[in-house]
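Participant: First residue of the first sequence: 0, per numbering that gives the first Met the number 0; consecutive thereafter.
Hint data in this document are derived by calculation from the structure and do not stem from the laboratory. Treat the hints with care, as some may be off.
Calculated lysine-lysine pairs in the BS3-like style (CA-CA distance at most 27 Å, straight line) [as the list claims (entries may be wrong)]:
no.	residue 1	residue 2
1	K339	K203
2	K332	K321
3	K677	K321
4	K677	K339
5	K321	K404
6	K258	K719
7	K203	K258
Quick list of simulated restraints, FRET-style, between CB atoms [said to hold, decoys possible]:
no.	residue 1	residue 2	range
8	A247	D16	41 to 47 Å
9	D16	Y735	43 to 49 Å
10	A704	E808	22 to 28 Å
11	G754	A508	52 to 58 Å
None of the values given here were measured: they were computed from a predicted structure. Every residue, glycine too, gets a C-beta built ideally from N, C-alpha and C.
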Amino acid sequence: MVWRGDVGIITTRIDSDGDENLIELWGRSRENESVLLRIHGMQPWFEVCPPGRWNGDFSSLEGRLHQLENHEEVTHVTGPVEKWTDLGYKPVWKAYVSKPFVVPGLRKELSGRWYILSGDIPFANRFFLDGDFAIHVSVTAKETYSENGIDIVADITLDDVEQCQGFPVPWKILSFDLETSIAESTILCAAVVIEDRGTGIRTKHTFSGDEAGIMADLTNLVLDSNPDIITGYNIDNFDLTRLNDRMAHLSKRGDWQGKAELFGWGRVNRDEKEYRRRRDGLIPKRGATRAWNISGRCVMDCWWQARQVLRPERETLSFVSKLLFPDDDERHKMDIDASKMDEEWANRPDEVLEYCLRDAELPLDIMAEIQAVRRCEAIASVSGVSLDTVANGNTSQRIDALVIKAADRSNIGVPLTGSADAKEGQITGGYVHDVEAGLHPWVAILDFKSMYPSIMIGNNICYTTRVDQGSTDQPLEDEELFVSPTGAKFRHPSQRQGLIPLLLEDLMAQRDANKAALAKAKDPVSKSFYDQMQYAVKILMNSFYGVFASGFYRFTHRDLGSSITAWARHNIKKIIQRLEDEGHGVVYSDTDSIFVSVPLVEGENQVEKMIEFGHETAQRFSEDSAILEFEKGLSAFFSHGAKKRYIGQVVWPNQELMIRGYETQRTDSFAYLTTGMKRLFEHILAGEDEETIAYSLEMVRAAKAGEIGVRDLILSKSCKGRWDKRKAKWIFTEDYANPDSMAQVRVAKQILAKGLPFTPGMKVSYVVENATEKPMRVRAWYEEEADSYQYDVQFYAERLATALGRVTEAFGWNAKELLSGNRQTSLFSF
DNA sequence: AAGTCTACCTAG
DNA sequence: TTAGCTAGGTAGACTT
Numbered sequence: 000m001v002w003r004g005d006v007g008i009i010t011t012r013i014d015s016d017g018d019e020n021l022i023e024l025w026g027r028s029r030e031n032e033s034v035l036l037r038i039h040g041m042q043p044w045f046e047v048c049p050p051g052r053w054n055g056d057f058s059s060l061e062g063r064l065h066q067l068e069n070h071e072e073v074t075h076v077t078g079p080v081e082k083w084t085d086l087g088y089k090p091v092w093k094a095y096v097s098k099p100f101v102v103p104g105l106r107k108e109l110s111g112r113w114y115i116l117s118g119d120i121p122f123a124n125r126f127f128l129d130g131d132f133a134i135h136v137s138v139t140a141k142e143t144y145s146e147n148g149i150d151i152v153a154d155i156t157l158d159d160v161e162q163c164q165g166f167p168v169p170w171k172i173l174s175f176d177l178e179t180s181i182a183e184s185t186i187l188c189a190a191v192v193i194e195d196r197g198t199g200i201r202t203k204h205t206f207s208g209d210e211a212g213i214m215a216d217l218t219n220l221v222l223d224s225n226p227d228i229i230t231g232y233n234i235d236n237f238d239l240t241r242l243n244d245r246m247a248h249l250s251k252r253g254d255w256q257g258k259a260e261l262f263g264w265g266r267v268n269r270d271e272k273e274y275r276r277r278r279d280g281l282i283p284k285r286g287a288t289r290a291w292n293i294s295g296r297c298v299m300d301c302w303w304q305a306r307q308v309l310r311p312e313r314e315t316l317s318f319v320s321k322l323l324f325p326d327d328d329e330r331h332k333m334d335i336d337a338s339k340m341d342e343e344w345a346n347r348p349d350e351v352l353e354y355c356l357r358d359a360e361l362p363l364d365i366m367a368e369i370q371a372v373r374r375c376e377a378i379a380s381v382s383g384v385s386l387d388t389v390a391n392g393n394t395s396q397r398i399d400a401l402v403i404k405a406a407d408r409s410n411i412g413v414p415l416t417g418s419a420d421a422k423e424g425q426i427t428g429g430y431v432h433d434v435e436a437g438l439h440p441w442v443a444i445l446d447f448k449s450m451y452p453s454i455m456i457g458n459n460i461c462y463t464t465r466v467d468q469g470s471t472d473q474p475l476e477d478e479e480l481f482v483s484p485t486g487a488k489f490r491h492p493s494q495r496q497g498l499i500p501l502l503l504e505d506l507m508a509q510r511d512a513n514k515a516a517l518a519k520a521k522d523p524v525s526k527s528f529y530d531q532m533q534y535a536v537k538i539l540m541n542s543f544y545g546v547f548a549s550g551f552y553r554f555t556h557r558d559l560g561s562s563i564t565a566w567a568r569h570n571i572k573k574i575i576q577r578l579e580d581e582g583h584g585v586v587y588s589d590t591d592s593i594f595v596s597v598p599l600v601e602g603e604n605q606v607e608k609m610i611e612f613g614h615e616t617a618q619r620f621s622e623d624s625a626i627l628e629f630e631k632g633l634s635a636f637f638s639h640g641a642k643k644r645y646i647g648q649v650v651w652p653n654q655e656l657m658i659r660g661y662e663t664q665r666t667d668s669f670a671y672l673t674t675g676m677k678r679l680f681e682h683i684l685a686g687e688d689e690e691t692i693a694y695s696l697e698m699v700r701a702a703k704a705g706e707i708g709v710r711d712l713i714l715s716k717s718c719k720g721r722w723d724k725r726k727a728k729w730i731f732t733e734d735y736a737n738p739d740s741m742a743q744v745r746v747a748k749q750i751l752a753k754g755l756p757f758t759p760g761m762k763v764s765y766v767v768e769n770a771t772e773k774p775m776r777v778r779a780w781y782e783e784e785a786d787s788y789q790y791d792v793q794f795y796a797e798r799l800a801t802a803l804g805r806v807t808e809a810f811g812w813n814a815k816e817l818l819s820g821n822r823q824t825s826l827f828s829f
């Protein structure tokens, strides 16, 4: 029976064990079926061309070509086709090979005789590249069957797949949590909550009893419920790692069946062959990266998603929950002491199970609230990759998906990653204008629309358009070139349209289309959809510059990044100069923005004057590919004189307090300072100078008097470190020159001493007990011990005075004076 | 007390 | 901090 369906692709792998090389794609259909597509008929290949400049002498290649054709791993060779490379046009042969995994060896073997192209592209990516597909596809299958709990398994070819409009995939998400013994590191109990986004139903499960039984039941639930996405809080570093360790502990070496029973979460046959796969197999694996790999499923750690979206001051599950659901006490009441888990489990197992279940469900609430999956889906849709590649991949992979496709279509050779010359040191970045200290009334903020992408488009900046002395491909004699302030030259689009500028133009058009659709959308579902899409396009466009300015990306050259920023500096400095020549004060500028004083008018209509001035000025200085926009209007702007630190009272297009850089924005500050400083800023922008000083003095006084609740004094900082497998201990010396002089490392060690989990890169929280000791004495923060903290009153008072004093100095009070509570009369004060 | 160095986090 | 980039401010430990 013919099956037709729209499918969202979770992840891919290759199956090259048989005669054929299959690409396997796991997904979920619009109709809520689990799907496995097995793509037949594709063959792995790479390309070769003569190294160096091509001299047209085909006869010199005959021997090499013959050797290539007769290589035992090479099935056949086609070509040559003329392709563009960074040394000019060259003849390119395509070598088809028996198996994808022979390519790395061949690459090495041939490297002296040939220049290799397209030789490091994972074979499974060919599905997206050759088919021009993204995460959502439409499939027609003549027949299908069920296998391994998957509803629809279809053997098809690329021709049976078509592009598909985005649709909300009814993902099935499994969230889990383990409670573990501190003494033994065994698993005491587990909980799972499964969300079916098709039906909207959640089911809850708890597991206790002997450890092997818990793991086996958990595995059975994974297989029976067959989820697409596995989540939980910090599962990458904790829960999955622990399951893996316990599997190793509880099963004998080589007992693949025993291991599969305990942790065989993969969506594949339960046999030894699948067990033996190094990745994408029966048993979840973590390679060199942080990301876990489970065949057929996508691991999406709620902690990682939440930190990226929310940037929380602290990163515990309970903190993030309170941040998102402040009114919901049930969700975050704390009644189990995790540092005494063994006792808790012995004394009141029911409560521990309930606690465990709650911590399994919260990640689902958090993921839904921050729309983590939809966000990934939108980026996957725009860049043309699977869900897993967005959730667990890197920026280069997203850019690759777009650029390689475009290169293949235009006969541009695809160089290997790392083939470019290394960058010599850093390139120069954006220009930051000195900020004039003090309060400035009426400031218009103008900024360039998508500055770096526009510069790339406007000057046709691309790997494929850069003029290189060493290339056989030189511009026409009368060709108009774009010459960057660094001297780098780029071809004219009439002669060669760059791939990147073309892609960026397309993305800009997509963004405009999505924005237009968003404006027209009536129901919340489509509104959210178009908003996600336009945002995904924006994210993707902005990541182009970074990738092309990096030292290792395949399509880069050091002149690209430095030309982009050089043009940016040139453009913005020119406009600042012209504004100043006209008598307009430029208060500040950073990279793509200009803060300009609005001429004052008599009477009441200063806001209207600012709007008119903002729009008029922006338009006047706009050029074709450097469009300046009036972004915000401020009634007041203040900075104490440091770059990247300022505040503003926005009055157009809406009313808001805008703060950049200051302690209020920093997650390594403490609540008493951030909330107080925000209040201070409101006084400053309202022109309430006396209140500004009085408020600052009161804050410092209260701190000195020890009147602040310790919860408002918790500091938080990320801590690195790594687990040394051989020594079986945590080491910090790799990441820190002097680890024990760093407060966060000392805190991490306290956490570890308590037997609590520590995740490298995660923030740790602490209170300063005594800063007169060097290094200062700090105590890790545990909510359960909240009542027992002593803090260093003088330390907090000084830190407050320092931060507030920088600001109040503009009003005549410095840090020292805030601390003492009175102003020293200087010799010159009268 | 001033300067150097490492580290963190932010703006864009 | 999962091969995007640079500019910049600040804290704290330590040295001179």
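Participant: The structure should be examined with respect to each hint, and the outcome stated for every one.
Facilitator: We went through each hint and held it up to the structure:
1. K339 x K203: 25 Å, holds
2. K332 x K321: 10 Å, holds
3. K677 x K321: 21 Å, holds
4. K677 x K339: This hinted pair is violated, its Cα atoms lying about 38 Å apart.
5. K321 x K404: Outside the cut-off at roughly 44 Å; violated.
6. K258 x K719: Not OK: K258 and K719 at ~32 Å, beyond 27 Å, violated.
7. K203 x K258: 25 Å, holds
8. A247 x D16: 41 to 47 Å: Distance hint for A247, D16 is violated at roughly 26 Å.
9. D16 x Y735: 43 to 49 Å: Distance hint for D16, Y735 holds at roughly 46 Å.
10. A704 x E808: 22 to 28 Å: Check passed, 23 Å falls within 22 to 28 Å.
11. G754 x A508: 52 to 58 Å: Given range 52 to 58 Å: holds, Cβ gap about 56 Å.
Going down the numbered hints, you'll see the structure goes against 4, 5, 6, 8, while the others check out.
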